[in-house]
Amino acid sequence: MEKLYESQKLALWYFWTAIVLFGAQLLFGLIAAYQFINPDFLYGTLNFMTNRMLHINAMVVWLLMGFIGGIYWFLPIETDREVVGIKLGKLAYFAFVGAVAIVVLVYLFKQFGSGDFFTLWFITEGREYIEAPRWADIVIVAVALTVAYNVIATTIASKKITGILGVLIVDLAALFGLYIAGMFFTPNISMDQFWWWWVVHLWVEATWEVLVGVLMGWLLMHLLGTPRKIIEAWLYVEVMLVFGTGILGLGHHYYWIGTPEYWLGIGGFFSSLEPLPLVAMVVHAVYDAGAHKLQTVNRPALFWAFAQAFGNLFGAGVWGFMHTLPQINLYSHGTQMAAAHGHLAFFGAYVSANLALFYYILGKTRVKEGYILNGVPWKIAYIGLIVGIFGMTAALTVAGFTQTMIERATLGSTWEAYIQAQMHPWMEEAFKWRLFFGVVFILSYLVLLYDLITAGKRGEQLKEAQLAG
Amino acid sequence: MLAETIYKLMLYGFLMVLFAGAYAILYAMGRFSRLPSLIRLSYIFALLQFISGMGMVFNDYLDLLWKGIIFFSTVAYLFIPQAMWRVVVSLHRRHDH
Amino acid sequence: MSVGWLEVVVATLFLSVVVSLVLARGRHWLEPGFWKVAAIITSSVMVITLILLSVDTVRKVSMGSKRVPQPSVINREIGYVYNPDRRAMEPVFGKEVGLFGKVWSEEEAERLIVKGKLVIQSRNCMDCHTLLGNGAYYAPDLTKAWLDPKWEKQIMPATGAKSKEEAMKIFLMHPDKYPTWFRRMPNLTLSEEEAVAVVAYLKCMSAIDTNGFPANFPEVKVSQIQ
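Protein chains in written order, with this note's numbering: chain D, 1 to 469; chain C, 1 to 97; chain V, 1 to 226.
No lab work stands behind these hints: they were computed from the structure. There's no promise every hint is true.
Examples of chain D residues lying across from chain C (beta carbon under 7 Å, computed) [stated by the list, open to error]:
| hint | residue |
| --- | --- |
| 1 | Ile-156 |
| 2 | Ile-230 |
| 3 | Ser-272 |
| 4 | Pro-275 |
| 5 | Val-279 |
| 6 | Val-283 |
| 7 | Gly-290 |
| 8 | Phe-321 |
| 9 | Met-322 |
Anything over 12 Å on all C-beta distances counts as not near chain V; from chain D, calculated [unchecked claim]:
| hint | residue |
| --- | --- |
| 10 | Leu-30 |
| 11 | Asp-80 |
| 12 | Trp-135 |
Straight-line C-alpha distance at most 30 Å; calculated DSBU-like pairs for lysine-lysine [said to hold, decoys possible]:
| hint | chain 1 | residue 1 | chain 2 | residue 2 |
| --- | --- | --- | --- | --- |
| 13 | D | Lys-432 | C | Lys-8 |
| 14 | V | Lys-95 | V | Lys-66 |
| 15 | D | Lys-432 | V | Lys-150 |
| 16 | D | Lys-110 | D | Lys-457 |
| 17 | D | Lys-110 | V | Lys-66 |
| 18 | D | Lys-379 | D | Lys-432 |
| 19 | D | Lys-9 | D | Lys-379 |
| 20 | D | Lys-3 | D | Lys-160 |
| 21 | D | Lys-379 | D | Lys-457 |
| 22 | D | Lys-159 | D | Lys-229 |
| 23 | V | Lys-115 | V | Lys-153 |
| 24 | V | Lys-102 | D | Lys-432 |
| 25 | V | Lys-177 | D | Lys-110 |
| 26 | D | Lys-9 | D | Lys-229 |
Glycine is no exception: its CB is placed at the ideal position from the N, C-alpha and C atoms.
This is chain D alone, in the form it adopts within the complex (with noise of 0.2 Å):
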């Protein structure tokens, strides 16, 4: 095997990182699902609250330093030379990790303060998704910088610029510029989250989608030699389309906040577009499928990428469109319905892409040049973990849609009505089930978890690969 740059052992720093904060994002969003069932569980000591704020917190998190660990991975490789600054890099990553330790630590043993500035400083923040103190959005700033300047200085020593590194700079730019869009207080909530949907939606729906197309770009043509000129020109089309769909399609989110009603027209329109081009890239995914008839080198990688072309289009799309429209949306808005599509979009579209990188990255540190990384591990994680999901999402979608008929549209939006349809038979039936896929889901984690430390290592025969030309 080739020696590493630098670079790229920092990326398996933050692999290793983001596999362990995926488990804590397992364990906690385990223990907030037992809640639902039982409410009485760790009452007072774990409340729900805390518990949801480390699930999503974790996952935002480690899901962002996978894909910085992904862009630390394939940046020498792409400009053939050493990362510049990369011991600069390797300081912001031990000031991520301890930034995360002491707030996931104060968090557990604080979990809120009194109403004054200083919570919202040194403890939380308390807005769903960016519940992150002020102080540690500061480091989070200071290693984005870091990680925009590693790719930016290391291209221009290169001394060229491929369209790949133009897309990822570009929207770098964007994604951690955005993430100040949410670093301020306002006593206006609808001033509050009329921003905060900056940061969010312009996050998941737009640059992380580009990044993730940077990024599965670049493990394409490493891992099945697709032509450069290929993946440039899709990610060209991928900005084209994500970037024309999401922007306006950020008015999803505006139709309820206090925002002028022309967002009703804007957002349902361009939202209810988003599933188009992803119904047309599947086309070149099953392309791809064929075309190598599933025979490479890295078989998880490959896998885990499919699952992410699949992932996205039925979590994003099909389960995005299903409540997209306003005149649906009106009864569906803060409900289990957000949380059915959101756990099947985000496991769709990251948790697979930065499992097919991880992975990749381990058969390039693994496995030797001509033999193929596979087993049987892996696939019992892959369907464990997929069949997890889709269990949860589809109990929480019989819940959105038992909350939407009988509290929204039935029963008025009231407290009581929240409670009535809450207590409804196929409501705590729906909270069981997804309880029990989550718990197939973490122990498919856990199978995941053995196969990432022992793939390449467990004296495995791995057969030398015999691949076409």
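Dock chains C and V against chain D, hints included.
Structure of chains C and V alone, referenced to chain D:
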């Protein structure tokens, strides 16, 4: 009843994109493997997608404009897989060494 | 300047396609360079449109606008009725009745609202509840919590409070003492000052024009003012 109307709209919307996805996947698989039977199967999903879309279009809860947007989508989905297949094949033919 | 949303949509799509085609002429459509132009133009058109719309929206959701009232709205009766022309429910404002037995000046009300928001963020309300429908789904939506029938029906009798806002305050300070079903709100150690601020905040939030969310809510009418 309102609850029923909303539930039907959600269900049709869900099925429309689901079947559109299935159509695209099966069509691409059929073209790749040169299996006319798979392509024919995919057309069944194309039809199901269209019918689901019509379920939304003929729901009186939506205004004419929204019916129009959905109708446009449902027609577009009929042609996307073929169009994309041609694009993908041309792209690869041009750039694959 | 009144531009309809449909015009904006059509204009952005038209501009993206036309300008892309013009600037990309001469490039073969199967070459990356063609799509690079399309990507840059489309993204730029959409971003510029978003920025322009955002400037307009920020103006329209600033406190004191038609959609988001000034903090002193907490002194008035607030209702929520169906408007058949809009085909949506909307907040309505009645006479001055004060809050917690006093009429708050604009500065006092603003301080209260700032405090209320700080408390809501410091206690992570959004990780159990939804506010304007955003948040977690473990507890009810709070958009119209101020107008919810349960305060008068159940919480006032349970707490022995003489007014709705008193009942809300007492509940918020000890929610663990007043469970309404088997899922209980934890005690978040709210001080009296903080609880008063949150009640004011909830009242202010219920006055925001949310284009009819939540729908189907039991109407609350207010006394007619001249």
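Which numbered hints fail: 1, 16, 17 and 24
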